[in-house]
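A.B. asks: Line by line, the protein sequences give chains B and U. Quick note on the working numbering: the first sequence kicks off at 68 and runs consecutively. Quick note on the working numbering: the second sequence kicks off at 42 and runs consecutively.
Note that these hints are calculated values from the structure, not bench results. Hints may contain errors.
Said to hold, decoys possible - Okay, derived cross-link-like pairs now, DSBU-like style, lysine-lysine, Cα gap no bigger than 35 Å in a straight line: (1) B:K671 x B:K545; (2) U:K233 x U:K219; (3) B:K218 x U:K196; (4) B:K101 x U:K193; (5) U:K219 x B:K703.
So the chains spell out like this:
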Amino acid sequence: MVEMTAPSDALHSIPALLARNVARIGALPAYREKEFGIWQSWTWAQTDDQIRALALGFLSLGVERGDHIAIIGRNRPAHYWAMVAAQMCGAVPVPLYQDAVADEMAYVLDHCGARFIVCGDQEQVDKVLEIEDRVQHIQHVMYNDRRGMRKYDHSRMNALADVQAEARAGHFRYEGELTKRIAELDYDSTCVMLYTSGTTGKPKGVVLSNRNIIETAKNTSGFDHLRHGDEVLAYLPMAWVGDFIFSVGQAYWTGFTVNCPESPATMMTDLREIGPTYFFAPPRVFEGQLTNVMIRMEDAGRLKKKMFDHFMALARQVGPAILDGKPVSMMDRLRYGLGNILVYGPLKNTLGFSRIRVGYTAGEAIGPEIFDFYRSLGINLKQLYGQTEASVFITQQPDGQVRSDTVGVPSPGVEVKIAENGEVFYRSPGTFVEYFKNPESTASTKDAEGWVATGDAGFFEDGTGHLRIIDRAKDVGKMADGHLFAPKYVENKLKFYPNILEAVVFGNARTMCTAFVNIDLQAVGNWAERNNIAYASYQELAGHPRVYDMIQGHVEEVNRSVAADPMLAGCQVHRFLILHKELDADDGELTRTRKVRRNIIESKFAELIDALYDGRDSIYTETEVTYEDGRKGAIKATLTIRDAAVQGTQTRMAAE
Amino acid sequence: MNAETAMKTEGYTTADGRKIGGVLMEMKNITLRFGGVTAIKDISFDIRDGEIRAIIGPNGAGKSSMLNVISGFYVPTEGEVWFKGFRRGPMKPYQVAQLGIARTFQNIALFDGMTVLDNIMTGRLTLMKTGILAQAMWWGSAQREESAHREKVEKIIDFLEIQAIRKTPVGRLPYGLKKRVELARALAAEPKILLLDEPMAGMNVEEKEDMCRFILDVNDEFGTTICLIEHDMGVVMDLSDRVVVMDYGKKIGDGTPDEVRANPEVIAAYLGVAHD
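Please put together the full structure from these sequences, using the hints given.
C.D. replies: What follows is the structure in structure tokens.
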């Protein structure tokens, strides 16, 4: 084991960490990518060679200090190299969401003033060319995948590999300059700029310094004992702060290996082949996998199903306790061991979770059943709470203190306080420098003492010191009768049902709560197949009376559970409808990180909301949709509205 | 030497700047009869190196018969087929493949029980040199050879973006993907000329667009000459460099998409004529 923590005073930039890794663990793998069906790997030494060649190429193209270099593409080693190469030149890498449509991209490119753009493939290049006349300052476009690029005008365009080749041939010219630029980097130079997905308004460019990233990486790597030899799978958008922290910050700090999938569609196969030891996924990935397992078990033979049910019952009983190191009887331990051989081990292998030491989920609330399922298998799945402005980490759960309804204790080096109105504030070494070209927003988010408002309402639990988050502070409201309105709380309960993909609850300043529901096509489609329900489209399935019956059952169950909490009893859903289309980021209804944009949904579907409140039992609607290539279309539907039984309204009436 | 013959040997440059070579395959006065039925009547045309050539026509015009003549499956009753400057005689299917001609079928002809990868590997059968015994033992040169072939196949899998279904049995795939796998298998044979029998039939708009892009990319990246039959006029006109139009076994038009579109006979065959 190589000592990785020694003299940190000189390690003030990602390129400096790279140099250290080359010196200490140069022959160990830094990146792997599956290409042409085989995992290709690059050691830290090879990675350094690639990045330097790219950096020299950037210099020869005229990259200046402080330039912004946009990177648009899926997770591939070359794209990560481009980010570090940009840092070497004193420029700022700006990774963008690759599924953004051209218009969204135009805003960000214009805002950061990027002169150089690195594109993953032809699709991204086409988008850049489409907006080129609106974003004047674009000077040079580089692309990674040559496919289909031959016929393009290359006077201001080049393949990354060619940029490297040219630079390698003429390396004497720029080597001195590159060494000088790397030496200029210090702890306060900008490491990366990331655009927030923006639940409200235009995206904001969050400037994170080397200090933010490296301090956070150092603290959190220590918290979870991450080390070189660990493996991660880089599959989440490069524009998301989490990917930057995991695949760059922590990877360069500890020297672990970043594995890139072959294509987004092969992610599950690649996950299984790599078997990461450190893994992050939003709740929907875990949900999706669990749904898959359950669907396949439905179709399994009787013996297998019986065995699965028996051992899963046992695992739910004792699995989490064994994982947390709590006392469990010898007999149960033996039975759990047997279950591990027969069920848990093979299942974990199928899921690609055989080697996981640390797994995290965040971003949305995770259903307790889902969370417990993975924990009971012996997978150390934990929760964290964070945001871009904090370089991810605000709170996280220490090993052995893991629960589904809290988000853990403050991360090392982070201070957290709760304001009078319940809003959570934090201050940490990872706290962002500023919003790019937006001092007003910076000032309104971060006060003079460095405290940042998260916009979330929450409280510390008595006794454990764990933080619990209720909802977005601005979404928490009052109903007409004065009851507390916390939509997210109810939506999460609804979304814990595998059949419900998304839910949006309304009711602020109104007399009762109502909801839109999105069904999960995979889960409901499978259910329909097993019950001989024929359907031709998502829309038809969503409007099927038996699907309505099923969803009504879920809504009423949620009402019963909401009613149990006197503070939130007013949030029971009285009426609901199932939407005829999936809420989609392309239509602006969700953010790119799949969070509901409430105000947009409220204005777009205003007539549906009115219908929920005026007592009608069906409504005709036409909705505009945007296709992947940016074209628009409309879908028409007549939606049914159902009433759901609510609990305890009589007692409330009587009390009034 | 007149302009016509100059074009034949020296080729031409397309509107989008691609260089098209000389004549690769030439049909001379082809007639094909099945007993009393004449499927093709005295048709002549050529296919040039590197071009995308389409054969269109209403149902029963004789397009598939023509493709079968090109592929060597049918021997024309009269007329000659010249390929790479030689007159072609009757051939066995493996000889066709060895000549560098590969095709896909209108109603997909893949091995349903085999994986996508194995199906594509069969496309390289004629390129394998080691004997059946050595392959069965999977030892020495056979092993090395298979690795080399697998590498080529992986390039094609990457090219057609079907990595995610590499190990999936073909029988479980949806129609659009099967078509793509069939194209992959045809490409695996590294053909000089690729014959596509209605590659877009039965596809939705998105699948059609994908398929168009793949056909253009194949032509562009590998320089493969492509001859295709297609019903969708929009697709044909966008995709091809030159078009042959057939009707009732006869050739009624031949030229660039614009020329063909303006041809009164073609308009009559497709849209009908007003009788006054």
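A.B. asks: Check each numbered hint from earlier against the structure, then list the numbers of those it violates in ascending order.
C.D. replies: none
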